[in-house]
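Take these sequences, add in the hints, and give me the full structure.
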Amino acid sequence: MAKAERIEIIEKWCKGCEICVEFCPTGAIEMRDFKVAVKDLEKCTACMQCELRCPDFAIVIYKKDKE
Amino acid sequence: MAKAERIEIIEKWCKGCEICVEFCPTGAIEMRDFKVAVKDLEKCTACMQCELRCPDFAIVIYKKDKE
Amino acid sequence: MAKKVEFMMGNHAVAEGALYAGCRFFGGYPITPSTEVAERMAERLPQVGGRFIQMEDEIAAMASVIGASIAGAKSLTATSGPGLSLKQENIGYAMLCEIPVVIVDVMRGGPSTGMPTGPSQSDIMCAKWGTHGDHPAIAVTPASVQEQFDETVRAFNLAEKYRCPVFVLTDAIIGQMMEQLVIPEPGELEVIERPKPTCKPEEYLPFDMDKDFVPLAAFGSGYRYHITGLHHNSDGFPTNDPVLHTKNTIKIIERLDKNYDDIVKVEEFMTDDAEILVFAIGVSARSAKHAVVEARNVGIKAGLVRPLTIWPFPERHLDRILNKNKIKGIVVPEMNLGQMTFEVQRVAKGRCAVEGLYSLMLDPILPSEILEKIRRFV
Amino acid sequence: MAKKVEFMMGNHAVAEGALYAGCRFFGGYPITPSTEVAERMAERLPQVGGRFIQMEDEIAAMASVIGASIAGAKSLTATSGPGLSLKQENIGYAMLCEIPVVIVDVMRGGPSTGMPTGPSQSDIMCAKWGTHGDHPAIAVTPASVQEQFDETVRAFNLAEKYRCPVFVLTDAIIGQMMEQLVIPEPGELEVIERPKPTCKPEEYLPFDMDKDFVPLAAFGSGYRYHITGLHHNSDGFPTNDPVLHTKNTIKIIERLDKNYDDIVKVEEFMTDDAEILVFAIGVSARSAKHAVVEARNVGIKAGLVRPLTIWPFPERHLDRILNKNKIKGIVVPEMNLGQMTFEVQRVAKGRCAVEGLYSLMLDPILPSEILEKIRRFV
Amino acid sequence: MARIDIRLGGSGGQGTITAAAIMGYAAVYAGKKAVQTKSYGPEARGGAARGEVVISDEDINYVKVIKSDILVALTQESCDKFIVDAKEGSIVVVDDFMVKNKPQGNFKVYSLPIIKTAAEDIGKSMVANIVMLGVINQLANLLDFDKLEKGVLSKVPKGTEELNKKALRAGVELAKAAMK
Amino acid sequence: MARIDIRLGGSGGQGTITAAAIMGYAAVYAGKKAVQTKSYGPEARGGAARGEVVISDEDINYVKVIKSDILVALTQESCDKFIVDAKEGSIVVVDDFMVKNKPQGNFKVYSLPIIKTAAEDIGKSMVANIVMLGVINQLANLLDFDKLEKGVLSKVPKGTEELNKKALRAGVELAKAAMK
Amino acid sequence: MSYDYAKYLRKGKLPHIWCAGCTYGIILKSLIRAIDGIGWAKDDIALVSGIGCASRLPGYVDFNTLHTTHGRSIGFATGVKLANPKLNVIALGGDGDMTAIGGNHFIHACRRNIDLTIFVFNNNIYGMTGAQYSPTTPKGAWATTSPYGMAENTFEITSLAIGSGASFVARTTAYHVAHCEKMMKEAFQHKGTSVVEIINACPTGFGRKNKFKTPASMLTWMKDSAVNIERAKNMSPEELVGKYTIGVLHKVDKPEYIETYDTTVGLKK
Amino acid sequence: MSYDYAKYLRKGKLPHIWCAGCTYGIILKSLIRAIDGIGWAKDDIALVSGIGCASRLPGYVDFNTLHTTHGRSIGFATGVKLANPKLNVIALGGDGDMTAIGGNHFIHACRRNIDLTIFVFNNNIYGMTGAQYSPTTPKGAWATTSPYGMAENTFEITSLAIGSGASFVARTTAYHVAHCEKMMKEAFQHKGTSVVEIINACPTGFGRKNKFKTPASMLTWMKDSAVNIERAKNMSPEELVGKYTIGVLHKVDKPEYIETYDTTVGLKK
Ligand SMILES: Cc1ncc(C[n+]2csc(CCOP(=O)(O)OP(=O)(O)O)c2C)c(N)n1
Ligand SMILES: Cc1ncc(C[n+]2csc(CCOP(=O)(O)OP(=O)(O)O)c2C)c(N)n1
Ligand code: SF4
Ligand code: SF4
Ligand code: SF4
Ligand code: SF4
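Chains as they are written, first to last, in the working numbering: chain Z, 1 to 67; chain C, 1 to 67; chain U, 1 to 378; chain X, 1 to 378; chain E, 1 to 180; chain H, 1 to 180; chain V, 1 to 269; chain B, 1 to 269.
I should point out that these hints are in silico values taken from the structure, not numbers from a laboratory. Any given hint could turn out to be false.
Dumping the calculated SDA-like pairs for lysine to any residue here, alpha-carbon to alpha-carbon at most 25 angstroms [claimed, not checked]:
#1 E:Lys124 / V:Phe212
#2 V:Lys86 / U:Pro215
#3 X:Lys301 / X:Arg316
#4 X:Lys326 / U:Arg351
#5 V:Lys211 / Z:Gly16
#6 C:Lys39 / H:Lys87
#7 V:Lys182 / V:Ser159
#8 U:Lys258 / U:Leu205
#9 C:Lys35 / B:Lys13
#10 V:Lys11 / U:Phe237
#11 H:Lys87 / U:Lys258
#12 V:Lys213 / V:Ile229
#13 B:Lys251 / B:Gly37
#14 V:Lys13 / Z:Ile9
#15 B:Lys7 / C:Ile9
#16 B:Lys223 / C:Lys12
#17 E:Lys124 / E:Gly105
#18 V:Lys209 / X:Thr32
#19 H:Lys100 / C:Met31
#20 V:Lys139 / B:Lys191
The structure is reproduced here in structure tokens:
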């Protein structure tokens, strides 16, 4: 079950380097029109790999509140 | 007995630093009028301390030929 | 109250002048014949709560004084020809970024290592044009030990007032000779303290192009901003807009022009009725004064124009005299192969003859040599 | 035989010109917009048996080319504003020690880091006056890719002939644009090989002040001698005698003056009957030519004076025209805030009006702007 | 052929500068005079960048575009910035995806899927600049197609010849369709 | 007091420059104007070195010696070099040991054992320059002796006051003897 | 959201000028977290850089920021620190800026042990000027000025720092985001000159032409070749071929310059 | 006569400009003997110096001699060597010249490992300009610019050389005349950059004001504080306090720059 409530993508900052997509262990995000896009929010484990390594402040993961 | 045949002093090069005199183990040379001078040729053992350390090429020891 | 008269070396007088002006940092690298400035500062700065550092080279020395000034300390560096050449890149930085610093250049024989212990006046053009690009430049030119002190104080004032580097352009003779010096009481000479911004930090535009002057906030004083040697906007951030960078560059250069009367100081000696002028600075000006006096003694109407500011070039002063008097000729004695002479020629615009009197000899130009040149115009 | 026409970048053409002239060493440090010169040399030099090195900074780069030249290799370095400032101390060394080297300065917007990718013509004065002290300076000023090649060859020739550093003063537009280039056949352009001394080694006076020119022996060629950046005697050893150093300094500076006709190259375009002149170099001169043609089209007698040598300043050429023609005014378009204009004013000596047309915009000055200035003189 | 001023505007990495260079090369190869110039910012990628090329049978004095005979804009920014310098009656080409606000004025505007064609039809967005060359050559009838193609082929990286050939032709087709 | 030009020539380390400075200091201390200048070579020790001091009641414009009123030469080299600039009727003092070729001309030459006096009578060759000051002050009647002495004492290293006092007086005596 | 950078970022400055996939942005984030972690007030921080892509960093953060001339950041930083020792002064720049043209200032700061933090962003190339070789470009690698392959030997930046007397020397990479933050924090806490070499990727200038197909592959390379210094101690030389250590490589007690100066000259009793 | 220097001395240049007791003259003699010992032809030697008292040395010897600008000898020497690799190129200068203003060129030569011999004449002071402190002036020592005592930490020149990658690093002193000659010879024989730090005495600038009454006492100090590296290996840290090692401190095999370059670019197959 998804750990992330929302994946925010700041499109005007994303430069499409694909680092997030490459480091995403679950395939929750993908490239679309040279920018990152959410593929399957459900898959996101909120591991933060993408957010931590995005050089452009362009992707933010909002975790679900602890249940 | 003296080992040196002659101690040559090039006066115009000697700057009177006294290094030679200080390092002469036998007191064969001395300072005179701010320059080095031979005090007692007999005492010279031709150890070359003075010649080797004179920064000014100003003192040369001529050894006696081997007897 | 009778003041204490000191007998002091010119380079030491520069240091004392700097301290009087409130200088609290010196970053330098030794070089003959300027080293005594550093040595005096090394001893004196801690006594007034300042710091001295000898950097690894002139480039770092120049960088350090700019850094210190940005952090709020009035700062001084001192050098001579080869060091001046090395400092140029960072001098240009201070010019573009409007950072007040004072740079003493004690001129010696160039080019290259040249004649380290010999005096000259051959960095005049280098002070103005040594760094690449278009930029503002102020240079003061003392001619006595007293002026080494006074003009250094003035240099600091000009640096603060116009937010730019100011050169004290002196030479090995003036710098290393000893002469009487009266150290003024505190308050006796004007000392301009660096103004602090009064606006709110978020409104602070450190390089506001629309204002003639913006106070430079010290790093750490609560005004966080950005400084860059790229062309920048009023807020300090880089811009590629040529309209903006043109505007800003013109502003910082024209600011000096606009304040010509405040910046450019010239001693005019017997120029009122002069028909022949001598135009000279520093030690050459002393010879020139001697010559002018002798010329007057033999009935020649000579006069001396002695700039205490050589950059901006005192062209309005010259212009005024050339328009007023009927000048037959101008003699320009200088210890180089012709630098100021070109500028005088430019300003003269053919209104009179201009004759350089050049010398690379290690003694000052002789009054008799100047007199002879004066005579030729009679 | 139809020659192959290439379409080449200006900076690459400089490199090819250098190779044609026999350059076999390049020491540099990358800087926009000059880097393509280095890159081309890095690739091409080994192909002709030469060596390339990227040094740790511009100071070392300049030192390395002087060293290589002393060891017998024709040498090139290339830089832009900030690097030019840094190279100045060693440039002065090469000037005083009479070492031939060619220095390319691809002018960008200054001062300081300024506008790295923007063209300018703001190092004109810095090339002449950037290093401290009095010194000789030659600078050539190409205006097309073909001239980037040809003038680089000429720069090497001048360097060898007059044993001094020679600047190729170009700009970001000419340096980085592409245009047709016809590479001449070997032998088609004159290439001056460095002469070797013919005297006995013990008679060799590498800096003989009594001779106009002495061949520079390569280190390792059997002529052992001394080179110093101190003022020196004919034999190369330091001297403190001001008479000697005056004589030597004057010699190396006046040598250029004496050979003005050989060194100073000027294109005069439609000047024969001109009443209004435009004085411009490099990319501004191309705009100027465009403007002059347009002026002629509307019946204005305009002409262009386009120096291909800006230092020594082409004053005799100007002088001649000013004496011959009745000139109403001279327009000096330059991509800076006024540098050549001052020189033109100096030479004009009031004989006509001189108007600078300054621009810091990143595009070349528009022909229409020049035309408008021309019109004002009508 | 009188002087033709061509301006190719985009952002760093789109290859406008290279395209201008190739066009200049091809022109010289075709016996004309040409000057290519460029403008770019401090960014290695991204940021405004433009390539310009002036082609003429006569000597070219002023090296930059004065008023464009042909303007191509691959970004909205460059379109907005340069449209003011488009000559009356001149050709203006914009990428239909990147330039949403089509310019209005006394010139002929072609809004074409240049980038899309490169990315989707050719399969490499990198070759958009070559598509662009095909477009303008066709629209303005600048050079003999063979000469242009030869120029392109001798300037592109080895191994990409076929790709670029396809791109150029695709550009030509785009233009042909637009001119109908 | 009109302008008096004093030139002290020797080699580096002999203290001529310091002597000129002390004389200038004493003069200023005595209410006069003074300018001290120096010339030296690249050598830290040895090499030609000269100190000069101009003393006057009026402003001093030209800062260096034009023609010397007083010339002291502690080496042959400096004697040979500077003698041409000795004024007619001026005072020329040479060290009798170092300057073997006495100068000839329209001036008064005093050949005195300055260095020897310092080395032997005072016991420190270093103070030869102070001996020299005593000599010229006496010969030319420059300053009130007390003022000169005070000047010397305030400028020499701490702990050497007595030595220097003796040296100064020895110089005065040398001069007195020579003037007889 | 793992961390909100907004507090430290200047408004309206993003997107930054760095290329797609340039790892400088990752470092910027580590830097912000490190500074936040250490709790310094923004007013008390001076960030000084030279010229190069790395040196553009100060423009994005809300401190006292100073973008100087190429290679000279440490000289400026030294002046800033001496004039106001209360400021926490950080100098940063690329490998070229810091160790090519800026090498002299780098070694002298290490020698003096003045209380500065120095970050060297090592991407093995001159990024800003378009991929010329730097003193750290690996032997044989392509660069525009080494079209036949890099022929020069390379600097070991940390050895250089140690050899010149630095009292704190660490290495980390852009990949190891938490480790990087930690190294930065330790560097901040160290009294004296602290040097942190941060391995970075320049996909545009270096990666593309040196067989790194994507930016991510360069990060993976960092992950694979970096070995923690503690772990390295138990590894054989063979195992360490092609690897480099990360962590605090050197830390000694040494008198800090300003303290010594102030005491020596009597400014501080 | 133990050795006749005349063959290598330029005629008519003595006495040299150095002060009485300056040990540079002693080094000059060691240098001549070393060169003679190695047998290089005079025409094949280029001696390059910067500015300073030490840098005046080349003027006295009959080689191809180049007295350049302050700190830049190595840059010039690099150019000389690259243009004519057959020349045996020696760069020399004072501690200030080589490690203060010249520090950057020094470390980069060490890094490149270009075949140069570098001699650093370390007299712990700026001699020529009159006794300002240098990067090697001992803590607390007097200099005109450290009137309250030297406050800066000092360089260990040999560590700096090693840290920057030099392949041959040695230390010797002016006192150890034979050892000095030997170190010089070994340096000449080494292929690559070799660095020899030579401890020297500046009685005028340093000694006088730092409690060395005579030049000879400074030589005695060298004798007493230098410990041969071999001997030092068997000494405890306590025994080594206040001492320094002399001898070859570091020697490794490393590719020489010109050879690598020539092979890489195809100049040499
Ligand atoms: C004095 C000077 N020389 C050269 C340059 C050109 N230049 C700008 S940045 C740079 C090097 C960039 O490389 P690096 O420092 O490694 O930083 P990066 O761009 O890779 O982050 C150079 C050579 C300059 N701006 N100033
Ligand atoms: C660019 C430049 N800066 C400064 C100087 C002044 N200068 C000459 S030699 C020297 C230092 C001398 O010290 P060192 O290199 O240790 O040599 P030493 O004289 O002690 O042999 C200095 C600072 C100079 N000539 N050029
Ligand atoms: S050779 Fe030895 S014994 Fe003879 S004088 Fe010299 S030091 Fe004295
Ligand atoms: S060591 Fe040489 S210079 Fe010194 S006193 Fe002896 S002979 Fe004279
Ligand atoms: S060129 Fe390299 S270092 Fe510069 S921003 Fe691009 S990827 Fe980063
Ligand atoms: S000042 Fe020092 S280094 Fe220079 S010559 Fe004199 S003793 Fe030697």
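### Query
Hints broken by the structure, by number, lowest first?
6, 11, 12, 16, 17
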